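K.L.:
The listed protein sequences derive, respectively, from chains A and B. Okay, so the first sequence: first residue is 1 according to the UniProt record's numbering, each after it adds one. Okay, so the second sequence: first residue is 1 according to the UniProt record's numbering, each after it adds one.
Don't take each hint at face value.
No copy labels: a pair is met if it fits in one copy or bridges any two.
As the list claims (entries may be wrong) - Calculated lysine-lysine pairs in the DSSO-like style (CA-CA distance at most 27 Å, straight line):
# : residue 1 : residue 2
1 : K67       : K6
2 : K188      : K67
3 : K89       : K6
4 : K406      : K95
5 : K406      : K89
These are computed hints drawn from the structure, not numbers from a lab. Since we're looking at a predicted model, the values are computed, not measured.
There are 2 protein chains.
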Amino acid sequence: MYERIKGFRDFYPAEMQARRQVFDEVESTVRGYGFREIGTPAMEDAQLYIDKSGEEIVDELYSFEDKGGRHVALTPELTPTVARMVVAKQQELSKPIKWFSTRPFWRYEEPQQGRFREFYQTNVDIFGSSDPSADAEILAVAADMLTNLGLDAEDFEFRVSHRDILGGLLDAFGGDIATQQAIRAVDKSAKIETAEYHDLLVDAGLDYEQARTFDELLAVDEDELDELVEFAGTDRIHEAVTNLQNVLAAAEDFGVREFCDLSLETARGLDYYTGVVFECFDSTGEVSRAVFGGGRYDDLIESFGGQPTPAVGFAPGDATLSLLLQRAGVWPDEELSTDYYVLQVGDTRPVAARIARDLREGGHVVETDVSDRSFGAQMNYADSINAETVVIVGERDLENDEVTLKDMASGDQVQAPVGEFPGEHDRPTIEQFE
Amino acid sequence: MYERIKGFRDFYPAEMQARRQVFDEVESTVRGYGFREIGTPAMEDAQLYIDKSGEEIVDELYSFEDKGGRHVALTPELTPTVARMVVAKQQELSKPIKWFSTRPFWRYEEPQQGRFREFYQTNVDIFGSSDPSADAEILAVAADMLTNLGLDAEDFEFRVSHRDILGGLLDAFGGDIATQQAIRAVDKSAKIETAEYHDLLVDAGLDYEQARTFDELLAVDEDELDELVEFAGTDRIHEAVTNLQNVLAAAEDFGVREFCDLSLETARGLDYYTGVVFECFDSTGEVSRAVFGGGRYDDLIESFGGQPTPAVGFAPGDATLSLLLQRAGVWPDEELSTDYYVLQVGDTRPVAARIARDLREGGHVVETDVSDRSFGAQMNYADSINAETVVIVGERDLENDEVTLKDMASGDQVQAPVGEFPGEHDRPTIEQFE
Numbered sequence: 001m002y003e004r005i006k007g008f009r010d011f012y013p014a015e016m017q018a019r020r021q022v023f024d025e026v027e028s029t030v031r032g033y034g035f036r037e038i039g040t041p042a043m044e045d046a047q048l049y050i051d052k053s054g055e056e057i058v059d060e061l062y063s064f065e066d067k068g069g070r071h072v073a074l075t076p077e078l079t080p081t082v083a084r085m086v087v088a089k090q091q092e093l094s095k096p097i098k099w100f101s102t103r104p105f106w107r108y109e110e111p112q113q114g115r116f117r118e119f120y121q122t123n124v125d126i127f128g129s130s131d132p133s134a135d136a137e138i139l140a141v142a143a144d145m146l147t148n149l150g151l152d153a154e155d156f157e158f159r160v161s162h163r164d165i166l167g168g169l170l171d172a173f174g175g176d177i178a179t180q181q182a183i184r185a186v187d188k189s190a191k192i193e194t195a196e197y198h199d200l201l202v203d204a205g206l207d208y209e210q211a212r213t214f215d216e217l218l219a220v221d222e223d224e225l226d227e228l229v230e231f232a233g234t235d236r237i238h239e240a241v242t243n244l245q246n247v248l249a250a251a252e253d254f255g256v257r258e259f260c261d262l263s264l265e266t267a268r269g270l271d272y273y274t275g276v277v278f279e280c281f282d283s284t285g286e287v288s289r290a291v292f293g294g295g296r297y298d299d300l301i302e303s304f305g306g307q308p309t310p311a312v313g314f315a316p317g318d319a320t321l322s323l324l325l326q327r328a329g330v331w332p333d334e335e336l337s338t339d340y341y342v343l344q345v346g347d348t349r350p351v352a353a354r355i356a357r358d359l360r361e362g363g364h365v366v367e368t369d370v371s372d373r374s375f376g377a378q379m380n381y382a383d384s385i386n387a388e389t390v391v392i393v394g395e396r397d398l399e400n401d402e403v404t405l406k407d408m409a410s411g412d413q414v415q416a417p418v419g420e421f422p423g424e425h426d427r428p429t430i431e432q433f434e
Numbered sequence: 001m002y003e004r005i006k007g008f009r010d011f012y013p014a015e016m017q018a019r020r021q022v023f024d025e026v027e028s029t030v031r032g033y034g035f036r037e038i039g040t041p042a043m044e045d046a047q048l049y050i051d052k053s054g055e056e057i058v059d060e061l062y063s064f065e066d067k068g069g070r071h072v073a074l075t076p077e078l079t080p081t082v083a084r085m086v087v088a089k090q091q092e093l094s095k096p097i098k099w100f101s102t103r104p105f106w107r108y109e110e111p112q113q114g115r116f117r118e119f120y121q122t123n124v125d126i127f128g129s130s131d132p133s134a135d136a137e138i139l140a141v142a143a144d145m146l147t148n149l150g151l152d153a154e155d156f157e158f159r160v161s162h163r164d165i166l167g168g169l170l171d172a173f174g175g176d177i178a179t180q181q182a183i184r185a186v187d188k189s190a191k192i193e194t195a196e197y198h199d200l201l202v203d204a205g206l207d208y209e210q211a212r213t214f215d216e217l218l219a220v221d222e223d224e225l226d227e228l229v230e231f232a233g234t235d236r237i238h239e240a241v242t243n244l245q246n247v248l249a250a251a252e253d254f255g256v257r258e259f260c261d262l263s264l265e266t267a268r269g270l271d272y273y274t275g276v277v278f279e280c281f282d283s284t285g286e287v288s289r290a291v292f293g294g295g296r297y298d299d300l301i302e303s304f305g306g307q308p309t310p311a312v313g314f315a316p317g318d319a320t321l322s323l324l325l326q327r328a329g330v331w332p333d334e335e336l337s338t339d340y341y342v343l344q345v346g347d348t349r350p351v352a353a354r355i356a357r358d359l360r361e362g363g364h365v366v367e368t369d370v371s372d373r374s375f376g377a378q379m380n381y382a383d384s385i386n387a388e389t390v391v392i393v394g395e396r397d398l399e400n401d402e403v404t405l406k407d408m409a410s411g412d413q414v415q416a417p418v419g420e421f422p423g424e425h426d427r428p429t430i431e432q433f434e
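Please model the entire structure based on the sequences and the hints provided.
P.N.:
Laid out in structure tokens, this is it:
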């Protein structure tokens with residue numbers, strides 16, 4: 001027997017049906033905002049990630065040499081691919097470019113709860129607008145997605161931060177500070193002890209007192225943001241704080257302000273973010289890691305050889321999202337559903353097939369016997385697929401030009417004239433033939 | 001600048017929208033028959049293919065050693081994976097098992113028209129029924145899929161053959177014949193010269209006279225099938241011919257007989273087929289290769305260590321299917337569609353956002369300004385995304401508690417009371433406010 005590879009998953013129909021419902025709801029929300037679906041390859045030149053992704057991602061890359069001697073990698077994230085696609089057609093694409101896609105990605109990580117080597121993400125991005133409305137639209141579509149899935153403000157929160165506030169504060173300390181390294185320390189701060197966190201900041205070039213001050217500054221409330229401007233006294237911090245405030249004001253207009261909390265300690269792991277960043281958390285804390293995140297990355301397209309093009313996006317992943325939905329009790333039922341089973345008794349296939357066909361044309365899910373089985377075996381099968389109604393096409397009934405409808409929930413049965421079934425009924429049930 | 005890898009494709013929104021419409025129609029047809037979606041990994045133990053797939057597929061495998069020293073391969077086809085999944089849960093799955101999925105596969109082939117290194121397939125399979133109705137249901141769902149996509153009997157044909165008729169005839173010649181090798185020769189026969197075809201049959205163990213006889217036998221019409229039984233005089237051929245006739249009779253009951261032509265010269269390339277096989281062809285011949293194919297493979301599950309489990313399925317691929325749909329003029333328009341663009345003039349974002357939100361709740365695709373742009377720039381953008389209706393939210397209109405609706409096709413405009421827009425209208429248009 002062959003084994004599935006560690007960290008990869010098989011999805012059988014009942015679970016897949018629940019997943020499909022969730023993916024559909026996510027995509028329908030995103031489409032409502034005018035994001036357009038794109039299709040992207042599973043493989044890219046490995047150099048793309050070596051040059052552009054953080055070290056952590058490169059360490060986890062599934063990369064190899066293909067039969068043509070190319071050094072290729074399975075895509076560990078979508079952003080470098082969409083950046084490549086934007087650059088390739090930059091002139092002809094009208095701005096803002098609003099794209100999404102749902103697909104698998106691959107990272108060689110240690111599998112654990114909510115983390116797999118093959119995982120699915122819906123990537124949602126806006127290219128070509130630096131306006132705070134674009135950041136807020138990303139927050140809005142992310143929040144709508146979650147509320148459409150059945151969550152409310154008690155269930156989740158967006159911890160909103162700003163890379164340029166972090167960078168600007170670090171800058172204000174003067175001296176030779178490795179900004180990205182310090183920001184990565186901030187990203188880890190919630191998961192490690194304060195002393196270790198301060199050590200990491202010191203490794204990045206702060207001294208211990210500066211590390212403590214920095215830590216305190218990041219704890220400010222929303223109405224104390226001016227203290228940061230005062231502390232640093234730079235245009236950069238002033239602009240970054242104003243930008244953050246404008247994004248939150250736009251989120252207010254978009255009706256999703258209630259889901260957003262200021263949290264400068266939130267930094268996001270990836271190096272390419274430049275402005276507002278956010279992470280979605282389970283408000284109850286039961287799902288302990290970030291459910292997903294996103295933010296602004298204005299320099300990436302240019303670094304790919306394109307015209308300077310501001311960008312902002314987010315990307316919910318399947319594994320953590322399902323943990324949150326399960327925790328909140330809104331994960332869809334993992335149960336098959338079937339509208340009709342057309343049961344054949346004796347040599348009635350032509351009539352049964354005609355009825356199945358007519359019901360399918362009405363948009364229903366309809367199964368019929370393809371195994372030449374007994375009445376009892378067919379009934380058991382109809383039960384196993386949760387058929388709502390069984391249409392029994394029997395030789396004797398047909399002599400009277402009738403079929404029998406059986407409601408599987410109540411067990412009630414009625415006869416219906418075969419020539420009038422399903423007839424003009426959108427969804428024929430036993431009530432309509434009583 | 002980074003290049004896309006050869007044989008891989010990027011799909012931009014307009015093309016992707018057409019592809020999505022086609023995938024949705026395919027999946028909706030398949031779901032109507034009660035096939036259930038499954039989700040499957042992109043990677044398997046490479047040994048699975050080395051043991052189970054034909055030589056050709058193994059030569060084209062994207063395989064490599066992962067960071068844990070596993071010899072893995074990107075899935076070049078789905079059948080081995082679903083076989084593994086059936087075996088893993090054989091006891092608990094109720095039969096027949098009817099599964100489908102749409103996803104990419106990877107083969108290192110030379111790219112050409114209708115062939116890519118990354119391609120998409122919808123795999124549709126029934127496990128657990130050896131009844132001719134199951135084969136016919138596969139033919140029926142395949143035909144319905146194509147007619148639902150807008151094709152008719154003038155556009156396509158299913159060339160139906162039977163592996164056991166081919167095998168049984170070869171057997172009847174006696175001697176030491178390599179059956180799979182001879183069947184692979186039949187599979188190639190349409191693409192090569194007769195002399196070369198006969199040479200291949202001779203390589204497989206026939207003599208030249210037998211090769212000619214075999215060739216003639218395969219050319220029989222449907223009403224001459226008894227001649228094959230007579231020629232061979234074996235139970236095996238008798239049963240195979242009867243099985244084929246029963247499948248065609250069931251296809252008649254299922255309403256798809258008109259799409260099926262007997263064509264014993266059709267063999268399918270893969271080794272694992274055992275019974276009825278078929279290939280879909282463009283009736284005009286403009287698309288010269290098979291569009292897709294399928295058939296019965298009763299021995300595969302057992303060869304994976306499972307209980308003997310009959311199986312039959314088919315798998316349309318995106319590239320050839322789109323060639324056929326384009327040839328027939330039924331490929332969907334590659335054009336974006338947008339229901340509403342909510343245009344902001346002046347500081348009207350709160351009202352514009354409220355209107356956009358209400359329209360989205362009605363299930364519409366709605367964009368609004370996220371770039372702080374001028375009236376003209378917003379109008380151009382609304383035009384570029386084919387917005388049907390533009391809702392102009394202007395400061396002056398709002399002073400009169402009004403918004404302006406503009407029908408983009410006619411250019412007509414009306415005013416609507418802001419408090420009543422969109423109101424209870426399912427799909428508010430300018431007519432409703434005139």
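K.L.:
State the violated hints by number, sorted upward, taking the hints as numbered earlier in the document.
P.N.:
5
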